[in-house]
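Protein chains in written order, with the numbering used here: chain F, 1 to 198; chain S, 1 to 198.
Don't read these hints as lab results, they were simulated from the structure.
Here the structure is a predicted model, which is why all the values come from computation and not from measurement.
Calculated pairs, BS3-like style, for lysine-lysine (alpha carbon to alpha carbon, straight line, at most 27 Å):
#1 F:K176 - S:K144
#2 S:K186 - F:K68
#3 S:K152 - F:K180
#4 S:K153 - S:K105
#5 F:K137 - S:K176
#6 F:K176 - S:K149
#7 F:K176 - S:K105
#8 F:K176 - S:K127
#9 S:K102 - S:K149
#10 F:K137 - S:K15
#11 S:K186 - F:K137
#12 F:K176 - S:K102
#13 F:K119 - F:K149
#14 F:K127 - S:K186
Protein chains: 2
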Amino acid sequence: MINLINKIDEEPYVKLYKLYDNALESGQSNVEAMLIASYSNETNEVDARYVNLKFISSDNFIFFSNYKSPKANQFNAHDQISAVMYWNAIDTQIRMKAKIHKVSKEFNNKYFTNRQPEKNAVAISSKQSIEIDSYEKVINNYEKTLETKNLKKCPEYWGGFEFTPYSIEFWQGNEKRINKRELFVKNEGKWVSKFLQP
Amino acid sequence: MINLINKIDEEPYVKLYKLYDNALESGQSNVEAMLIASYSNETNEVDARYVNLKFISSDNFIFFSNYKSPKANQFNAHDQISAVMYWNAIDTQIRMKAKIHKVSKEFNNKYFTNRQPEKNAVAISSKQSIEIDSYEKVINNYEKTLETKNLKKCPEYWGGFEFTPYSIEFWQGNEKRINKRELFVKNEGKWVSKFLQP
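Using the sequences and the accompanying hints, generate a full structural model.
Listed below in structure tokens is the structure:
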């Protein structure tokens, strides 16, 4: 589930809220799965992975990550990203572009304190994306952390990222492949929309 | 559905074939949906969208597109891409990196001739991603093409792209978030694998 808070009355967001409701009504699972594509200035490679979208607050999209992970390093060096959600239950794709940055420490601390201790043990124990000998060792690290660490204290290396899209495309699949595509682009504070060919 | 042909006996591919079978057995819909993230040298932006993965032939992944589309232009200028499949029915993500290029004209012609005429009418009639006045106009263009054009002849501006991953990560979700991640990287023609922290 995504927490939709501080809803706003701009056309692409009204569309988004409606599609979200439709997806849930159609039994969409993992509705919060969002792909984030980023760029590594170090290797000149595009990279991409799923994250869990936790909040859409006004026009801010928020998810959480380790701040020392490869994606966090990529965001620091190249802050433009692409985010895509695909809800197969309604055959709808939402494509966004944005600049990304960290949320405030206060937000992280408050959010972390209220999470399940088990989730926090993963956040605390994992050096995200760093090599490890085996999956068993991952489990061991997690269990040791669960028993010995303060699970209410947000570590410095963990927290949220937020982005505000400057481009949002709604792509609706069509069984004949005549897909319906509507693009919204923010221009000097105002959304301009157009249809695109499939 | 993805056409798995010329199967090979390399460890990440054996894993991939098995996961594909598991996903289908678990009722995965849109199993062929694959995200392709690319980079625009013109705007320095990361871009991303879903495509339909049609073939995995040996270690080649093949999908089709308009050759004048934004993604085709992006591939031409920056040929490295990231590809991600997420099968929610088995909570499994497959993350790949590769260099991408066009398949042969012969392959395109043969493939096109055997497709449904309705699909070909979309491929012929659509100037992919170019602005159009309305969705009705998209439908009109399609219907006119369906009636008047040779639907067996592959246009120059349409065809396949193929890529061979040099990096494949298998990400298996865990209900406690202690996700299992195994990364295969091709090094001088041989796959090297390691586990990554969640």
